[in-house]
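J.: Taken in order, these protein sequences are the chains called F and A. Quick note: the first sequence, position 249, residue 257 per the numbering used here, numbers continuous. Quick note: the second sequence, position 208, residue 283 per the numbering used here, numbers continuous.
Calculated directly from the structure, the hints in this document are not laboratory data. Note that the structure is a prediction, hence the values are computed from the model and not measured. Any given hint might turn out to be false.
[Said to hold, decoys possible] So the derived list for chain F, only partly shown, Cβ under 8 Å to chain A, looks like this:
{"no.": "1", "residue": "Arg17"}
{"no.": "2", "residue": "Thr23"}
{"no.": "3", "residue": "Arg24"}
{"no.": "4", "residue": "Arg25"}
{"no.": "5", "residue": "Thr26"}
{"no.": "6", "residue": "Leu28"}
{"no.": "7", "residue": "Leu70"}
{"no.": "8", "residue": "Arg74"}
{"no.": "9", "residue": "Glu306"}
[Said to hold, decoys possible] Non-contacting residues of chain F with respect to chain A, defined by C-beta distances greater than 12 Å in every case (computed):
{"no.": "10", "residue": "Asp10"}
{"no.": "11", "residue": "Val118"}
{"no.": "12", "residue": "Asn294"}
{"no.": "13", "residue": "Ile320"}
{"no.": "14", "residue": "Glu409"}
[Claimed, not checked] Label pairs and their calculated CB-CB ranges:
{"no.": "15", "chain 1": "A", "residue 1": "Ser152", "chain 2": "F", "residue 2": "Leu286", "range": "32 to 42 Å"}
{"no.": "16", "chain 1": "A", "residue 1": "Lys198", "chain 2": "F", "residue 2": "Glu302", "range": "41 to 51 Å"}
{"no.": "17", "chain 1": "A", "residue 1": "Arg109", "chain 2": "F", "residue 2": "Leu389", "range": "27 to 37 Å"}
{"no.": "18", "chain 1": "F", "residue 1": "Glu302", "chain 2": "A", "residue 2": "Arg216", "range": "43 to 53 Å"}
We put the CB at the ideal spot given by N, CA and C, even for glycine.
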Amino acid sequence: MDTVKLAFRNLFRNTRRTVLTVMLIGFSLTALILTDGVMRGMLTLMVENVTGTFTGEAQIHLPGYRENLDVDLTMDNSDEIERQLQQNSSLKSYAPRVVSGAMVSSSYNVSAGALYGIDAQREQTVSRVRQAVSRGDYLSGEGTELLIGHSMAELLEVDLGDRIVLTLSEANGGELAQALFRISGILDFGMRELDENFIFVNIDAARNVLGLTPQQTHEFVLSFVDPLDAEDPDNALFQKLNGEGLEALGWLDLNKEISLIIELTGYTSLIIGGILFLLASLGVINSMFMSIYERIYEFGVIKAIGTRPSAIANLILCEAMLIALLSCAMGIFLGFAIGMWTSTNGIAIGEMEFSGIAFSNNILSEFHISQFTQFPIYVVLLTILAAIYPARFAAKIVPSEALQRSL
Amino acid sequence: MTAVISTKGVCRYFGDDDDTLVKAVDNVSIEIERGEFTALVGPSGSGKTTLLHLLGGLDNPTAGSVELSGTNIAEMSGAALSDFRRDHIGFIFQSYNLIPVFSAEENIEYIMLLQGVEAAQRKRRVAEMLEQVGLKGLEDRRPNKLSGGQQQRVAIARAMVSHPEIILADEPTANLDSKTGIALLDLMKELNEKHNMTFVFSTHDEKIMARASRLIHMQDGLIEFDERK
């Protein structure tokens, strides 16, 4: 008859209390697994929206360009940069862009907008501009085609085939230039900023209006074979490009708000986990004390017949550990079962925009190995920690006093 | 004869000031020799149980010394005292106090587990004790499936299985009918004679007292008189 066997039998002396305690801890673990799963799913959705829609996983500019989008700050050796990008095996694809602020005019209205000249073919490998075409056609790569967000189209009261006049400042001179484009497609990104402000034309046409040569580019957008490479500011490609007087940044640096949200999400999980386990720990302490008070006479007896105080403490800790293990089994099972459902069917959040990013899809919760390894280990450790106080109390019971008490 | 139990001026007081001070045991000096079958007798509140607790190291004396087999247990504490009780003293309590989740066999075996006795020897000694206390065939029953008398027999077996020098019993027959009580006391007496163990038990039952070889009468924490038969 070892301590574990005795502890196990003791647990079922009051089955109802043990089951309630196991449920309390088990549901806390389930809640933590699901919360973490949903948080991870939300972050994945957020990151996919951020990197996949338009920003890309990383970008290259001239230093200072991002601060005020100065049209004069062009990378003038695009061929050389592209040669380096082609040779880099960590990259899956890349696309050049030219960018300028522009006055967008129709026959009926006028609006400020951001003009993006894009390489119609390569842009498809780094963003979802093509997928965002809700009506009409994507760019063919030639001519004066133009894609416009549906919100801006409504403001300008234009539709497919209508003409748009872009007025902008040429690079390196500041002379005003105007060009006529024809709407070939209406875009719906589901992101207010893009739908209200962005227009896309072929890169050659944009360079032509801005007075740029084919070697001049404002921005390269990158997509990595392993997306995690983009999150490492010290990766070799970034280091090399930054050493050549360029500014290569991953999406975390390009979207400081999102970095902050990710960081806050980590703290949120920690706080939720902390609250859940504080409550569960109080439940454990209460349950263990109830159990000890019910058996105080018995502890007096086993101590009287020669059980060491440390053995009594070990017995209580062992009972707590068994409760924790049973709770983990329950929490893991429920967490996995519910997690499977939410990872398949998702959690409907409706149409939501957060920090300029639209969430229209269901959030699919995600499993992670830590949910089924680290979290249960925390549960066992915290439960045992919570049982230390009752265990010390039981170990210090004075036999002569305990033998005079009964409940 | 050698004194197995020896107390010198042992006192146990409860309360802090003169108004609340209770002298449960007051300046008691006794010597009990090996193999004696001694009854502590006296009315409720006379200090029998407190003295038994002091003799068993379950409580610390306010003053005086308690020597068991030449060791002053009043100076011991913690694990050392637990180990001493485990190896030298067997306890029998009024309310049987078996571990409810253990079978009769496991209750008897428990103390030998604490002592680290190897499994085969444990099983053999448990079987012997069950035979001696007349519980053969009931070894797998848990306490709630045993009568009061049977539970107290298990408690006696538990106290004796490790062959302690001293058995302390606090009103071991108080919760039993007189017939069962006398039968159990006869069993204890038989084991006392067979194994030459020293028995000290408290009682206020006249029939039980008649079987003791020595009676120590207590009143208000003091020894009123001590008679050997």
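J.: Which hints, by number, does the structure contradict?
T.: Numbers 2, 3, 4, 5, 6, 7, 8, 10, 13, 14, 16, 17 and 18, in rising order.
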